[in-house]
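S.K.: The primary structure of each chain is shown beneath.
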Amino acid sequence: MSSELEKSAEQSEAEAEVDSFRQDLGPFVVAAEATRMPMIFTNAKAPDNPIIFANDAFLSLTGYRRHDVLGKGFNSLMAVGVAPETMAEIEACFVNSPETDPEIHYRRKNGSEFWASLLVSPVRDEKGEVVQHFVSFVDLTKHKQDQAHCKMLIDELNHRVKNTLSTVQSIVIQALRTPASHETVRESIETRLFALSRSHDLLTSEHWEGAGLHDLVDNALEPFRVVEGRAERFIVTGENVRLQPKTTQTLAIAFHELATNAVKYGAFSNEAGTIHISWTIERGPEGKRLHLRWEERDGPPVVPPSRKGFGSWVIERGLAHELEGTVELSYPPEGVVCTIDIPLVKVALDE
Amino acid sequence: MNSLLSGRRVLVVEDEMLVLMTIESMLADLGCESVTAAATAAQALAFTESQVFDVALLDLNLNGHQSYAVADALIALNVPFAFSTGYGSDGVSEDYRDRPMLRKPYQPDAMARILGDLLAT
Numbered sequence: 096m097s098s099e100l101e102k103s104a105e106q107s108e109a110e111a112e113v114d115s116f117r118q119d120l121g122p123f124v125v126a127a128e129a130t131r132m133p134m135i136f137t138n139a140k141a142p143d144n145p146i147i148f149a150n151d152a153f154l155s156l157t158g159y160r161r162h163d164v165l166g167k168g169f170n171s172l173m174a175v176g177v178a179p180e181t182m183a184e185i186e187a188c189f190v191n192s193p194e195t196d197p198e199i200h201y202r203r204k205n206g207s208e209f210w211a212s213l214l215v216s217p218v219r220d221e222k223g224e225v226v227q228h229f230v231s232f233v234d235l236t237k238h239k240q241d242q243a244h245c246k247m248l249i250d251e252l253n254h255r256v257k258n259t260l261s262t263v264q265s266i267v268i269q270a271l272r273t274p275a276s277h278e279t280v281r282e283s284i285e286t287r288l289f290a291l292s293r294s295h296d297l298l299t300s301e302h303w304e305g306a307g308l309h310d311l312v313d314n315a316l317e318p319f320r321v322v323e324g325r326a327e328r329f330i331v332t333g334e335n336v337r338l339q340p341k342t343t344q345t346l347a348i349a350f351h352e353l354a355t356n357a358v359k360y361g362a363f364s365n366e367a368g369t370i371h372i373s374w375t376i377e378r379g380p381e382g383k384r385l386h387l388r389w390e391e392r393d394g395p396p397v398v399p400p401s402r403k404g405f406g407s408w409v410i411e412r413g414l415a416h417e418l419e420g421t422v423e424l425s426y427p428p429e430g431v432v433c434t435i436d437i438p439l440v441k442v443a444l445d446e
Numbered sequence: 005m006n007s008l009l010s011g012r013r014v015l016v017v018e019d020e021m022l023v024l025m026t027i028e029s030m031l032a033d034l035g036c037e038s039v040t041a042a043a044t045a046a047q048a049l050a051f052t053e054s055q056v057f058d059v060a061l062l063d064l065n066l067n068g069h070q071s072y073a074v075a076d077a078l079i080a081l082n083v084p085f086a087f088s089t090g091y092g093s094d095g096v097s098e099d100y101r102d103r104p105m106l107r108k109p110y111q112p113d114a115m116a117r118i119l120g121d122l123l124a125t
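Line by line, the protein sequences are chains A and B. Following our numbering, the numbering of the first sequence begins with 96 at its first residue and continues without gaps. Following our numbering, the numbering of the second sequence begins with 5 at its first residue and continues without gaps.
Because the hints were derived from the structure by calculation, they are not lab data. Idealized CB from N, CA, C, for every residue including glycine. Keep in mind that a hint or two might mislead.
[To be verified] Below, computed lysine to aspartate or glutamate pairings styled on EDC-like, alpha-carbon distance capped at 20 Å:
| # | chain 1 | residue 1 | chain 2 | residue 2 |
| --- | --- | --- | --- | --- |
| 1 | A | Lys246 | B | Glu98 |
| 2 | A | Lys403 | B | Asp102 |
| 3 | A | Lys403 | B | Glu37 |
| 4 | A | Lys359 | A | Glu304 |
| 5 | A | Lys204 | A | Asp143 |
| 6 | A | Lys257 | B | Asp113 |
| 7 | A | Lys403 | B | Glu28 |
| 8 | A | Lys383 | A | Glu304 |
| 9 | A | Lys257 | B | Glu28 |
| 10 | A | Lys359 | A | Asp393 |
[To be verified] Which stretches of chain B does chain A cover? Using the computed rule of at least three CB atoms under 8 Å from a CB of chain A, they are:
| # | region |
| --- | --- |
| 11 | 10 to 22 |
| 12 | 108 to 119 |
Isolated chain A (complex conformation) (with noise of 0.2 Å):
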């Protein structure tokens, strides 16, 4: 009973105090309830800093009602869930000013969290005695989160660039891996790394969210549209799917390797030869799987590839692997065939 009889005099001594304030301060106190900036201030003769003018602004940012604040202690109001260093430096702002605002996390009396940096200036009375401290708050909880959304960005390019250089790394030291001329080895880096970027731009265009197979197609095939001055055949047919990220770069690099080869010994090494690619997409119960064909017709008789450089390694081998699929690729007299059977959900353990 006495603790509410005590508390109920502090409260009404705090609300007297309240109304002097207002009474003193006229139309500055119109002004800082106005402002977007929150404010407070609190009586310095008493311990612990009781508030004894909030606005506002400072309500809505702490998510506290006037009556939660008023007449309550500065320090202990914000201490709720306040780490004890924390507390420290907030303390030493009302003794001495510090040179930089501290930043401060804080939680709102809902218990969410919020950052603010922090202004305490002393007001003095006539004889320079510090009667009351003003206290302003500059909200960086959207700064601290675009801070955070910022490293994390930085951190995804990073490791883009880095595996980006290790794929650069890897068609040099192919290039290089069998004797050719300068010119053949210099044509076989540049194409691939214009392959890489073609592909880049595909899924920048959308957001780095992942393409549709018929704009891969496109995308991938656009350098071998016209060859030599003679519009190519391409005869794409296939319903429309969304392909993640990771299988758009790698099946454009496999589109790329196969349109070289038709290129050099295959469909588009003669005037007649056509090249369809077509797919169908099956849904299964784990998932929908991708079948596609890439088949040449009218090309010259294929022979066999004595010996297999990084392109059909990329298709049987590296395909296969990144993607979690079957890919066969046969050599036919009438014309190269490549399967490609790949899931388009992954259900993988780690997901």
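Assemble the complex: chain A is given as a structure, and chain B must be docked to it using the hints.
M.R.: Then chain B, alone, in the frame of chain A:
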């Protein structure tokens, strides 16, 4: 021909095919004849259950997922391994910081040194 990895069975966990290609050719240069490659954690875990490995290279980031589950399986099986990553070491969780780290893009010398150290222990 270097014979550091002659007769050794190596597990490579790497999701990017062209990166795998580089690793395989570097391993071949070190005399390795037996490379098993996994693109996902699930595949790698299946391999660790069905095959025996002398050493492993583990990409930290497999298509956006971290590969600690595989690291734990390798630790349980006493298979020495190194992480491979494009990140600095602060990209690795505290628990695994003591593991050797091979940075992308790969340097053949660094790969030989790290694998040599792993096999010597």
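S.K.: Are Lys403 of chain A and Glu28 of chain B close enough, with their CA atoms no more than 20 Å apart?
M.R.: 15 Å, holds
S.K.: Taking 20 Å as the top limit, are the C-alpha atoms of Lys257 of chain A and Glu28 of chain B close enough?
M.R.: The given pair, whose Cα atoms are some 18 Å apart, holds under the 20 Å limit.
S.K.: Residue count check for the region 108 to 119 of chain B against chain A: does it reach three with CB-CB under 8 Å?
M.R.: holds (count 3)
S.K.: With the threshold set at 20 Å, check whether the alpha-carbon distance from Lys359 of chain A to Glu304 of chain A stays at or below it.
M.R.: 34 Å, violated
S.K.: Straight-line Cα separation of Lys383 of chain A and Glu304 of chain A no greater than 20 Å?
M.R.: Holds, at about 18 Å.
S.K.: Does the structure keep Lys246 of chain A and Glu98 of chain B at a Cα separation of 20 Å or less?
M.R.: Cα-Cα ~19 Å, so holds.
S.K.: If you look at each residue in the region 10 to 22 of chain B, do at least three have a Cβ nearer than 8 Å to any Cβ of chain A?
M.R.: Coverage by chain A holds here, the residue count being 4 at a Cβ distance below 8 Å.
S.K.: Going straight from one Cα to the other, do Lys204 of chain A and Asp143 of chain A come out at no more than 20 Å?
M.R.: 19 Å, holds
S.K.: Measure nothing beyond the straight line between the CA atoms of Lys403 of chain A and Glu37 of chain B; if it is 20 Å or shorter, mark the hint as holding.
M.R.: Holds - the C-alpha atoms of Glu37 of chain B and Lys403 of chain A are around 18 Å apart, at most 20 Å.
S.K.: Keeping to a limit of 20 Å between CA atoms, is the pair of Lys403 of chain A and Asp102 of chain B held or broken?
M.R.: Since the Cα atoms of Lys403 of chain A and Asp102 of chain B sit roughly 40 Å apart, the hinted pair is violated (cutoff 20 Å).
S.K.: Just to be careful, I want the Cα atoms of Lys257 of chain A and Asp113 of chain B compared with a cutoff of 20 Å; is the pair within it?
M.R.: 18 Å, holds
S.K.: Within 20 Å, alpha carbon to alpha carbon, are Lys359 of chain A and Asp393 of chain A?
M.R.: 15 Å, holds
Violated hints for the displayed structure, listed by number in ascending order: 2 and 4.
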